[in-house]
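Chemist: One-letter residues, chain by chain:
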Amino acid sequence: MSAHAPEQPDIPFWRDERYLNILAQILVFAIVAGILYSLWYNMNRSLEALGLPLSLKFLKITASFDIGEKLISYTREDTYLRAYLVGVLNTIQVSVLGIIFASILGIIVGVSRLSTNWIVSRLAGAYVELFRNIPLLVFLIFWYQGLFLKFPDVRDALRLGDIYFSKRGVAFPWGIPTETFQAYLYILGFGLIAAIIVGVVLHKQGEKTGRMPLIGFWSPLTWIVIGIIGWFVLPQAPLSPTIPQLPEKGFNIIGGRVFSPEFMALLSGLVLYTAAFIGEVVRAGIQAVSKGQTEAARALGLNGFQTLRLIVFPQALRVIVPPLTSQYLNLTKNSSLAIAIGYPDIVHVYGTIINQSGRAVEMTAIMMATYLTFSLLTSAFMNWYNKRIRLVER
Amino acid sequence: MQRKWLAIFAVLMVFSLVATACSGGASPAPSGEKVVETVIVTVEVPAEGGEAAPAMGANTLQTVKDRGKVVCGVNSSVPGFGFLNEDGSFSGFDIDFCKALAAAIFGDPTKVEYRPLTAKERFTALQTGEIDVLIRNTTWTLTRDTELGANFTATTFYDGQGFIVRKESGIKTLEDLNGATICVGAGTTTELNLADTFAARGIDYTPLVFETADETTGAYEEGRCDAYTTDKSGLVARRTVMANPDDHVILDETISKEPLGPVVRHGDDQWYDIVQWTVYATFTAEEFGITSANVDDIKASTENPSVKKMLGLEGDMGQKLGLSNDWAYNIIKYVGNYAEIYNRNLGPDTPTYIPRGLNSLYTDGGILYAPPIR
Ligand SMILES: N[C@@H](CCC(=O)N[C@@H](CS)C(=O)NCC(=O)O)C(=O)O
Chain A
146 MSAHAPEQPD IPFWRDERYL NILAQILVFA IVAGILYSLW YNMNRSLEAL GLPLSLKFLK
206 ITASFDIGEK LISYTREDTY LRAYLVGVLN TIQVSVLGII FASILGIIVG VSRLSTNWIV
266 SRLAGAYVEL FRNIPLLVFL IFWYQGLFLK FPDVRDALRL GDIYFSKRGV AFPWGIPTET
326 FQAYLYILGF GLIAAIIVGV VLHKQGEKTG RMPLIGFWSP LTWIVIGIIG WFVLPQAPLS
386 PTIPQLPEKG FNIIGGRVFS PEFMALLSGL VLYTAAFIGE VVRAGIQAVS KGQTEAARAL
446 GLNGFQTLRL IVFPQALRVI VPPLTSQYLN LTKNSSLAIA IGYPDIVHVY GTIINQSGRA
506 VEMTAIMMAT YLTFSLLTSA FMNWYNKRIR LVER
Chain B
412 MQRKWLAIFA VLMVFSLVAT ACSGGASPAP SGEKVVETVI VTVEVPAEGG EAAPAMGANT
472 LQTVKDRGKV VCGVNSSVPG FGFLNEDGSF SGFDIDFCKA LAAAIFGDPT KVEYRPLTAK
532 ERFTALQTGE IDVLIRNTTW TLTRDTELGA NFTATTFYDG QGFIVRKESG IKTLEDLNGA
592 TICVGAGTTT ELNLADTFAA RGIDYTPLVF ETADETTGAY EEGRCDAYTT DKSGLVARRT
652 VMANPDDHVI LDETISKEPL GPVVRHGDDQ WYDIVQWTVY ATFTAEEFGI TSANVDDIKA
712 STENPSVKKM LGLEGDMGQK LGLSNDWAYN IIKYVGNYAE IYNRNLGPDT PTYIPRGLNS
772 LYTDGGILYA PPIR
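Top line first, the protein sequences correspond to chains A and B.
Reading the first sequence from the start, the letters are residues 146 to 539 in our numbering.
Reading the second sequence from the start, the letters are residues 412 to 785 in our numbering.
In isolation and in its complexed conformation, chain A is listed as follows (with noise of 0.2 Å):
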């Protein structure tokens, strides 16, 4: 370690760079800090003016509302906390569905666009312009006033075997939980350890022998076994069908499970608009695998189906899940437009609260800090998923 730098000249520290780039900094922070703690400053004084100093002791009081629709026990007796909670469920409720509907529909679109068969390739290809050129709000509320509040009253609802369509939404028969569906429960839980189980094994198995076993077959058979077996082994069934029906008097389908029209609007719009994006997210990561791998595949005999399952999808899906996760974290923000079409989301419920409580800032902070975490829990599955993918990259 003999070699030693050339003696620098003094610079004065007011032209050394390095100095005036950490000036700078602290600079721009002292900036920013001083006009956010002004701004901070001005709020809290015009809110004491009002008499409405920050807290939020509010959440605790009665809120006095009734919600819509609710997946969790609500009254007006309840505070405005759970009168949220029923709104970010409701949130929860419709992103949840529309991701998994969304991805489904998605990948059909894509892999469409792609098919060789003119027909097919153009109808998707229609169907992505179609909805991508289409403002989603503009969109939402057509498809509500215009579908879904133009079917029969109850008493002439429309059917489809035992499902029905009526002005107070679209029917389903469905399952009541019973008295065994506690035990059922725990079963399910049972089959999913023994299935994670199966997978392990099998997997280690493959590793010594370097014949991989169809893991994504047996896993989820043992799952789904055990749950057969379950519930014909219990004493009763865990869940007991109910089945919708035309009412004689009154305002609503007896039985069933009713899903409102504005879930209904809000959901499938929802689908239909986002799988267009996913549907193009797709086809790029599909396009993205070199058509010499295409070819190898053929040439080594798998056919078309094959091809696309073993060789195309598992390289295209590291291409995909990035955009992938933009398109769902977009479907769940886009959930709040929900309000024009009267779905109590989040958003609904938010505004109802602060114009019975006055608490604006105080909802808004907290209305932004459950989109944002919603977003980064996305985010972080999507990337956990993305990492695990990239891992068969050799």
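Hint data in this document are derived by calculation from the structure and do not stem from the laboratory.
Incorrect hints may appear among the rest.
A few chain A residues that don't get close to chain B, going by computed Cβ distances all over 10 Å [said to hold, decoys possible]:
| # | residue |
| --- | --- |
| 1 | 213 |
| 2 | 275 |
| 3 | 278 |
| 4 | 306 |
| 5 | 344 |
| 6 | 368 |
| 7 | 440 |
| 8 | 441 |
| 9 | 454 |
Straight-line distance between alpha carbons at most 25 Å, and here's what the computed PhoX-like set of lysine-lysine pairs gives [claimed, not checked]:
| # | chain 1 | residue 1 | chain 2 | residue 2 |
| --- | --- | --- | --- | --- |
| 10 | A | 312 | B | 583 |
| 11 | A | 394 | B | 578 |
| 12 | B | 643 | B | 578 |
| 13 | B | 731 | B | 744 |
| 14 | B | 731 | B | 480 |
| 15 | A | 202 | A | 215 |
| 16 | A | 394 | B | 583 |
| 17 | A | 295 | B | 578 |
| 18 | B | 668 | B | 583 |
| 19 | B | 731 | B | 476 |
| 20 | B | 731 | B | 720 |
| 21 | B | 710 | B | 720 |
| 22 | A | 205 | A | 215 |
| 23 | B | 578 | A | 312 |
Being a predicted model, the structure only gives us computed values, none of them experimental.
Glycine included, each C-beta is placed from N, C-alpha and C at the ideal position.
Fit chain B with the ligand to the given chain A structure using the hints.
Modeler: Only chain B with the ligand this time, still in chain A's reference frame:
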């Protein structure tokens, strides 16, 4: 969006920490110890009464005068009360009180800027100083008076909540609505009364809540809801814009008290007084029989000291409010007394006819009663 800000903020924080650490290490201690310094940022705090805080003991009257017009938060979709006409002008009972206020301040009823608001937006608009006064069929309640940073000045219209249903449904009472879906506007007292009343009477129902009256009544008209509920005045008004007004009936029952009137921001007493006495001036003018048509004659000939005080011929009533002494004269001259305002918008010759009932002077069997202007 929020994420981005958070990230920027985090980056700035980290930079500043790194920056301080580096400046500490600029003359590295031989031991290699890290020197951590704390930066204390001093920030200029805006001076008292800064412009950014409209709510602060602000002098609303001065702001209004400087601006040259009153910004009035109104309804745009309830005919007879607050309605945006096809030609872009506003008209209605509430709108006339905005005009009366402008007449009192400027002697010119057109010096108003109307800001259409939904029920849900209105209090935030008032709190943030976006509007000077809220005159938008708004019910006076204790919670709103205390929790929302709002002050109710006077009641211009005594109302109550009712229900409208389709005639063919045969619904006559609230009990007939058991199991029904009911359309209601977001952020209204109506939403709360509905929950209270139906819970108390054990009637089961599903609320369907929309932001604007057009959406709410739209869903009701499509048959999505079995009933639509709001203030009875609102029902009468909204029925006039339904496709077939005659197909709908308003149930007799009234489930609440809905005193409607102008609202101002908490914390400016002078402005509160001005809005309040503008309303009282219209009551008093009706009581004295002064109208826009005869106010000039009466002003020229009256010997009644009370009338003289009101019209600014005697004393300095206007100045006490921070206005000119002909404030009440201007209200009557340019907008009219209460009866004129009422009949213009809700009288027998209008599509939105509502009998005056409680909204008659106390001398006519109603409950309108203004404190004396003296
Ligand atoms: N007086 C009640 C209700 C006032 C109200 O906003 N009524 C609704 C009826 S749906 C309305 O006028 N909406 C008009 C709009 O939002 O465009 C209150 O102050 O909360």
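Chemist: If a hint holds in the structure, say so; if it does not, say that too.
Modeler: Status of each hint after checking the structure:
no.	hint	result
1	213	violated (5 Å)
2	275	holds (25 Å)
3	278	holds (24 Å)
4	306	holds (24 Å)
5	344	holds (35 Å)
6	368	holds (36 Å)
7	440	holds (42 Å)
8	441	holds (42 Å)
9	454	holds (35 Å)
10	312(A) x 583(B)	holds (22 Å)
11	394(A) x 578(B)	holds (16 Å)
12	643(B) x 578(B)	holds (17 Å)
13	731(B) x 744(B)	holds (21 Å)
14	731(B) x 480(B)	holds (21 Å)
15	202(A) x 215(A)	holds (24 Å)
16	394(A) x 583(B)	holds (16 Å)
17	295(A) x 578(B)	holds (20 Å)
18	668(B) x 583(B)	holds (21 Å)
19	731(B) x 476(B)	holds (17 Å)
20	731(B) x 720(B)	holds (12 Å)
21	710(B) x 720(B)	holds (11 Å)
22	205(A) x 215(A)	holds (19 Å)
23	578(B) x 312(A)	holds (18 Å)
Violated hints amount to a single one, hint 1; each of the other numbered hints is respected by the structure.
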